[in-house]
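Generate coordinates for the entire structure from the input sequences, incorporating the hints supplied.
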Amino acid sequence: MEVTRDPVSASEREARIGWSQRHPGQARARPRIPWLYRWTSDADSRSSVARNLLRGLICAEITMALMQTSPPGKRDQRIRFDSLASIATGVLLRDLSLHPLQMALAFGSGLATQAFWLRRLGLEQKGFLSAIVMCCGLSLLLRSDAMWVHPLAAATAISSKFVLRVNRKHLYNPANLGVVLAISLLPGTWVSPGQWGNDLAMAVWVLMLGTIVTTRARRLDVSWVFLGAFLGLVALRVLLLGQSWAIWWHQLGNGALLLFAFFMISDPMTIPDRRGARIVYAFVVAAGAVAWQYLLFRPNALIWSLFLLTPLVPLLDRWMPGGRFDWKHPAIG
Amino acid sequence: MAYSRAVRPAVACALCLSLAFGAQCACAFCGFYVGNADAKLFNEASQVIIARDANRTVISMRNDFQGDLSEFALVVPVPAVLQKSQIHVGDPKIFERIDAYSAPRLAEYFDANPCELDKASRSMAANSPMAQMAAKEELRRDTALGVIVEARYTVGEYDIAILSASESNGLETWLRQSGYRIPAGASKALQPYIRQNLKFFVARVNLAAQAKTGFSYLRPLQFAFESERFMLPVRLGMINAKGPQDLVIYALSRNGRVETTNYRTAKLPANVDLPTYTRSEFAQVYKAMFETQAKREDFRVVWTEYFWNMAWCDPCAADPLSPDELRGAGVFWLEGGEPPIGATSGALPAVSPLSRQGAQPVMLTRLHLRYTPETLPEDLMFQETKDRQNFQARYVLRHPWKGDPDACTNAPRYFADVAKREEGEAQALASLTGWDVDQIRARMSIPTQPRSTWWERLWK
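For the record, the sequence lines run as chains A and B. The opening position of the first sequence corresponds to residue 61 in this note's numbering, with each subsequent residue numbered one higher. The opening position of the second sequence corresponds to residue 26 in this note's numbering, with each subsequent residue numbered one higher.
Hint data in this document are derived by calculation from the structure and do not stem from the laboratory. Wrong hints could be hidden among the right ones.
Said to hold, decoys possible - Per label pair, the in silico range of CB-to-CB distance:
#1 L483/B - M380/A: 58 to 66 angstroms
#2 R482/B - A295/A: 42 to 50 angstroms
#3 K109/B - L300/A: 28 to 36 angstroms
#4 A105/B - L301/A: 16 to 24 angstroms
#5 A105/B - S244/A: 22 to 30 angstroms
#6 D281/A - R446/B: 37 to 45 angstroms
#7 S347/B - V226/A: 53 to 61 angstroms
#8 L301/A - A79/B: 25 to 33 angstroms
Glycine is no exception: its CB is placed at the ideal position from the N, C-alpha and C atoms.
Now the structure itself:
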C-alpha cells in the first residue's frame, strides 16, 4: 500500500480546498447541520449501550403500563403513547441518523397543527393523543439530512386528517401519508427499512408491546391477520424457491415489520369498521407488500402497500358497514 | 457476487500488511494525510463494484486469484442471458484506485505554540473532528441434465458460458462433468436461483488466451444488464465457507448514499482522536477496530466506511477517480453518455470534461461487511437513498507542541490540556479496539490511572 502525494498542481489544490481556507477550522465535509454531525460522530460506546438500554426501557414501560390504575380508556391511550415513546428513545440512541431536534420539531409542528385544526373546527374535546402517536411514528420512520423535513411532514400529515376525509373518517393513516409524501417529494429524505436490524430479542419486545397496545384498542385482529398473511406468503415463497428457512426467520425478526403491524396498520381510524372487512383489508395489504418486495423488487414495501391500498377502506366500509371506533370507548367497535 | 468459494476462492487475497507509511501531505490545509487501511488488509476480502442508476447495473468483480489458473471458476446468478457485448474485461487498477480513494484514513495535526496564541484563539476546539464460467461439451448430455447453454463467449482471458437450468442437481452435475470443482451441497444453494428463473454466468480461464494477454494476473470481469433487482447474490459463495468472510462493496450511484434494505447499515465510529504512536501502526489499529465493532454487532451490520461525492475528498487518501476511470468502473451516466433515465431535463449538473473537480454526478458508497453463513441468511438487497451527507472513516492524530512548559503563562495550562487529551485518546483507542488501556498508556508514556473503585465504576 502506498501513500501517495497529491499529484495535482498547487493552483488546482488551491481551487479544491479553497473552501477550507476561507473557513479555517471547518472542513467542508461537515454536514449542513453541525450538531447533527456531533451527534453522529461519537457513535462508539453509544451504539453498543443503546440496545441494552432500549430493552431496559421497554421492559420498564411494560411494567409501568401494567401497573396503571387509571380507567381502561385512558390507560389504553397512555400505553400506546408510552410504548412508542420508549421505542423512540431507543431509536435515538441506536440509530444515530435521527437527531433529537428533528424529533422535537416534528412534535412541535405536529401538535401545533393539531391545535390549529381543532380550534378552527371547534373540536377541542378530541385531544392530542393521536397526534402524539403520529409524530412518534413519523419520527421513527423518516430520515433526513435537513431540519425542516420532519416538521413539514408532520404538519402535512396532521392536516390530512382534517382535510382528506371520506365518510366522516380521515382517509389516510397520517404517519403513512406523511412518510410517503416526504420520500417522494422532498429532497434529502429517505426511509431506512433495514435500520431496525434483525435483533430477534428486540422483535419479541416490540411484539409484546404491540400486543398490549392493540389489545386494549380492540383492533388486534388487523395486526395479527396482517402479520400472519405476510409471513405466510414469505413462507410460501421460501417453500416454492427451496430457500433456507433462515430467510423466514430473518423476516420474522424484522423490527420494521412488527412496528408496521402493531403501530401503523393498526390505527383504528384508518382501517375498515367491521371485523370481516378488516381481515380482508389486512390480507390485501400483506399481499400488496409481498408483491412490491418480491415481484417488483422495490424497497419500503409495507409503507407503499398501505398507501396504495388505503382507498379500499371507504369501499370496504360501504360494502361491509360496522360500528365506528372511538378512542374514548375503545372496547366498542 | 457469488464467489463459489470451494470452486476455488476466486477472490483469495494475500494478507498484505506492508503498508508504507510516510509523512506525506496530500491535502495541505485540512491536516496531513498520513496513511490508510485499505481492503488488502482484510484477508480474502471479496471486492465488488456496483454502478447503478435506475434499473441499469454494471457489476465489476475483482479476481484476485492466487492459485493454479486452471482451477479458477466463477459462478454468478444473473437476471437474463447476457450478450457478448454485455461482458467486458476491466482493468484491475480500477479496484486499487477506488480502494485507495475510499480507504479509512488517518490525518494528523500539529499543535501550534501555545505561547503564540492569544487567549481568544487558544481553544483547541478549532482543530476538533472535522469531517469524512466452460469447456466444449455434448449437447445431448446438457439436455438430459436440464441445462441449456444459452451462449458461450471468450472475452479476454475468460471462457464464459451463460446457462439456464431447470433442475439444480442437473446443474451441479453439469458443472462437475465440465470440470468445475463444485462443493457438496451446491445444488441446494443453486436451487432458489433456478426457481427464480435466473441464468448462471459461469467463467473460467482460457489458458491460451491468458498467456496471450501477457499478464500474470486475472483482470476483473464486468457485466452490464438491466434489472429491477438491486442486489448481490452472496449466498452461493458461502456453500462451504469456514469462519467469517469479508466483502467490500463499492457502490457508485447518481444521487445518494447506498444502503442495504434487509440488513442494518451503520457508520463506523469515525473522527476519533487516536494516540500519536498509532501513526506507524494504523493498519493494525483499523483491523482491530473493525473486528471489534463487527463482533460487537454479531456480524449483523453492514458498515459504511465511506460516502462522498466522487468530485473531491478531504483529506484525500488518493486522488478522486477521473471520468475515464469512473467509466472503467462501470459509471455509464457521465457526460456525453447516457441521458438520465426517466428524468426530465435539467436534473443533471453540467460537467465539463475538464472540470475534474467539478460536481460529478457520481457518489461512492463503500460498504464493508464481515459475515458468516448464519448472520447473512438472505442475499444483500440495496436501495439508493437521498442522503447526501458525506462520511469517511477518518481518524485523527494530534501532535502536541514540544516546548518548554514554563515558556509562558499559557504553557502550563496547555500541557494540562494535552495530558487530559492524551488520556482521552488512550481510552478511545481501548474502547474502539478492545485493547488493554494500560498497555496503551504505557506505549504513550502517560501515567497509568489508579484502578477505580467498584462504586466509581458503578456510577461513572
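Hints, verified against the model:
no., hint, result
1, L483/B - M380/A: 58 to 66 angstroms, "59 angstroms, holds"
2, R482/B - A295/A: 42 to 50 angstroms, "47 angstroms, holds"
3, K109/B - L300/A: 28 to 36 angstroms, "33 angstroms, holds"
4, A105/B - L301/A: 16 to 24 angstroms, "18 angstroms, holds"
5, A105/B - S244/A: 22 to 30 angstroms, "29 angstroms, holds"
6, D281/A - R446/B: 37 to 45 angstroms, "59 angstroms, violated"
7, S347/B - V226/A: 53 to 61 angstroms, "56 angstroms, holds"
8, L301/A - A79/B: 25 to 33 angstroms, "26 angstroms, holds"
In summary, the structure is inconsistent with hint 6 from the numbered list given earlier, while agreeing with all the others.
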